[in-house]
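Read top to bottom, the protein sequences are chains A and B. Following our numbering, the numbering of the first sequence begins with 1 at its first residue and continues without gaps. Following our numbering, the numbering of the second sequence begins with 1 at its first residue and continues without gaps.
Any given hint might turn out to be false.
Since the list can't tell identical chains apart, any single copy or any two copies may satisfy a pair.
With a straight-line cut-off of 27 Å between C-alpha atoms, the simulated DSS-like cross-links for lysine-lysine are [said to hold, decoys possible]:
1) Lys384 / Lys410
2) Lys14 / Lys429
3) Lys80 / Lys480
4) Lys106 / Lys134
5) Lys251 / Lys106
6) Lys235 / Lys4
7) Lys103 / Lys469
If you are wondering where the hints come from, they were derived from the structure by calculation, not from laboratory data.
Number of protein chains: 2
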Amino acid sequence: MSKKLTKRSEDYSKWYNELVVKADLAENSAVRGCMVIKPYGYAIWENMKAELDKMFKETGHQNAYFPLLVPKSLFEAEEKNAEGFAKECAVVTHYRLQNDPEKEGKLRVDPKAKLEEELVIRPTSEAIIWNTFKGWVQSHRDLPLLINQWANVFRWEMRTRLFLRTAEFLWQEGHTAHTTKEEAISESKQMQEVYATFAENFMAMPVVKGAKTESERFAGADETYTIEALMQDGKALQAGTSHFLGQNFAKAFDVKYTSKEGKQEYVWATSWGVSTRLIGGLIMTHSDDLGLVLPPKLAPIQVAIVPIYKGEEQLAAISEKVNVFVKELKAKGISVKFDDRDTYRPGAKFAEYELKGVPVRIAIGNRDLENNTVEVARRDTLEKQTISQDEVVDFVAVLLEEIQENLFNKALSYREQHTTEVTTFDEFKEVIETKGGFVSAHWDGSEETEDKIKELTKATIRCIPNDAKEESGSCIYSGKPSSKRVLFAKAY
Amino acid sequence: MSKKLTKRSEDYSKWYNELVVKADLAENSAVRGCMVIKPYGYAIWENMKAELDKMFKETGHQNAYFPLLVPKSLFEAEEKNAEGFAKECAVVTHYRLQNDPEKEGKLRVDPKAKLEEELVIRPTSEAIIWNTFKGWVQSHRDLPLLINQWANVFRWEMRTRLFLRTAEFLWQEGHTAHTTKEEAISESKQMQEVYATFAENFMAMPVVKGAKTESERFAGADETYTIEALMQDGKALQAGTSHFLGQNFAKAFDVKYTSKEGKQEYVWATSWGVSTRLIGGLIMTHSDDLGLVLPPKLAPIQVAIVPIYKGEEQLAAISEKVNVFVKELKAKGISVKFDDRDTYRPGAKFAEYELKGVPVRIAIGNRDLENNTVEVARRDTLEKQTISQDEVVDFVAVLLEEIQENLFNKALSYREQHTTEVTTFDEFKEVIETKGGFVSAHWDGSEETEDKIKELTKATIRCIPNDAKEESGSCIYSGKPSSKRVLFAKAY
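Kindly generate the complete structure, drawing on both the sequences and the hints.
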């Protein structure tokens, strides 16, 4: 397979698909719509998980684990939620295979092993979790209940793309229960904030925080808060959502508590999640025609060191030097790989680390030994610099921070350049079709208009930004009065 | 619910079931045979995972993730493996639910959404992984391939018990491919060693390392290495297994590599796994009639501090003192909980930490403030000691190590006392029926004898210990010659 990627300007979608596979992040599997996450891709997910998990625990949440399968009767209990997911769920109907009497060596479903009640593979876990919460909540002393689950979920998606939309994906789902509406809303906003902080500080991916319109809400939610990022092709990506669920699930599953005053009350709920989709967002925020570009804070390998040598003697001399600063870099918590494989040439190694987005590459050859230097190359700007070996540790530590910051600033500046305010529908259509990006426009608040604009332009309302100013205007489509701009875009 | 546990001597099985629920580790769910792992139980699993994951990475393995569902045609490819798991697998046959036309508000399987090929929820992942490995292995440069997966798996077990045997469970499964038979065998033995080290050093659970007999091997393996632990009721627990798979999966999935000599060769394989079952083993190795006893290295809370006070002023004075050494304990990496809840009395807190097996409990009251002391109680021996506040940090650090060691020694001494060598079948039956434990006996090596002994006594051959000495003897059942003793026991 050629390592050369399609250019983004030629075919962005093809570039993405090729990159995911060539950089060893993931691949399609034998199961329709399900991916295999390869070790390099999984290592990014592990880094994401570790940071998110820390943030969840710091905000008082505990992890737990609930069953993969949901009995149909529980699945259908919260009507809107059931309606939203019924169309795309995998259903277990039998619990045994047997030898196929008609085909030697083949198996078939054992017709005698049919389940009395079908089981659905969780597309999301509200149903099974709220059925459990019923037993966990009696008194106000049991609240708030702040639970998170790391798990796989399954949705029978028709059109799938690695990381961005897959039938099975990995995610975390927070599920919380509270005594008051205000506390639940504040929890869901807090988790939106946690997601935004993670996206910006770790993924170096700027996001707009906002609320979804009614038609874009999670099935079963009273309010959905979202973080929306802008990809390099001008399309938006919903990167994480946090839902205020009102008392919908509490009522569907009869979860009540005894208040301090001795009254029986329904609890208030939230749920919130981010998934392996974030890896898709990470790729489409920073990477270029040469391959991945990873922010240092999430890169599985932050520094790759490539020796350039002839013969074992030179390699030994280089290794001796390198081992000294590898140790020092590791002591600083920097993830380093000294690539002394003799089965690949330096050029092949350079290409590999470029493709895999390793933030910093250090090359060291015979002349460097004589001069006490190394060559340091950064992946984001492709700049190279010759540095004294004595300074390399401190230099790299600072450089990694600089790269992290640079990636964020670059992405932010792209987003700023691709966020356009418009006042007429003609302007709107032109921007959506040519420049792309976020389009900030007045909307009359009706689902009818929202649907019509979507039908005509494929653009959807990504969110009503949290920081939208009061501003009187008129809807770009209907001309009706509007008091706030909302953010439109074509989206993944 | 009463917090009082059934005594182990009355009904060990009942004691276990009660303890798992009362100590907030897990509970049964609405799905047959599937458990909910509660936050406290899940925190133990997280600690186990963290240590195991570190050990896997230190031995060169990388994590990846493969699909949950296995197409039937892949599932049946390796015949023995398929035969071993077909009888107990959950089968997905449909991908959509629809409104039930006959029952308002109910859903039913959409008959039009029947899958062409059924999908099996992975009971283990050899099939889907080896189908993927086919694409990953071309040259000897791609080997060894050292992969691990943390995942949920599903086996339709008929009789389930929390942690010990559940339909869905969490586990890790290592899957590796090698150029030579010797390297694969050495990998599977290495992982047996890793499991034994983890069991003994972290779980404080002594294990016997050995090989399974042919009839007890993993379906599809040429050799199964196991670690076997002895529970307090004299029954054995298979705690982890590591399989040498020969070329069975390589041949079933056509996984070949080009050797240095340019020849096409099948690879050699291993797989190895431990699961949430370990938590069951942990419980039944150390706990007592008062509740859980957790080894410090895996305890979610290592030290619980309970203030004994009247009024807010006393609590403030105590908190001021406590905060000083909480900070110091945390700086030493010790997990501490200062329980200043005013909704529970000290007695209730003491009982809770006893039930939950927190290794060290510190109480501090008004008199302690005057005397500059605290009361330190250890969970394993229930001993209490009064210690100066100035010494408490160092004292606790040493005490935690002492508890860890004491638990291991106690369990080891129990096992030694419950390992009996016998020479006749009468002796064998008597020991198995009265004293229980491991019984070391000669066996003629035939499956027939093994089955007969199992039928008559319910005891199975747990393993042929790695360190079994050459010793000529005669089979306890058939009288035929034998050169080694094997280890029998009744088992979970």
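Which earlier hints turn out false for this structure, listed by number in ascending order? 3, 7
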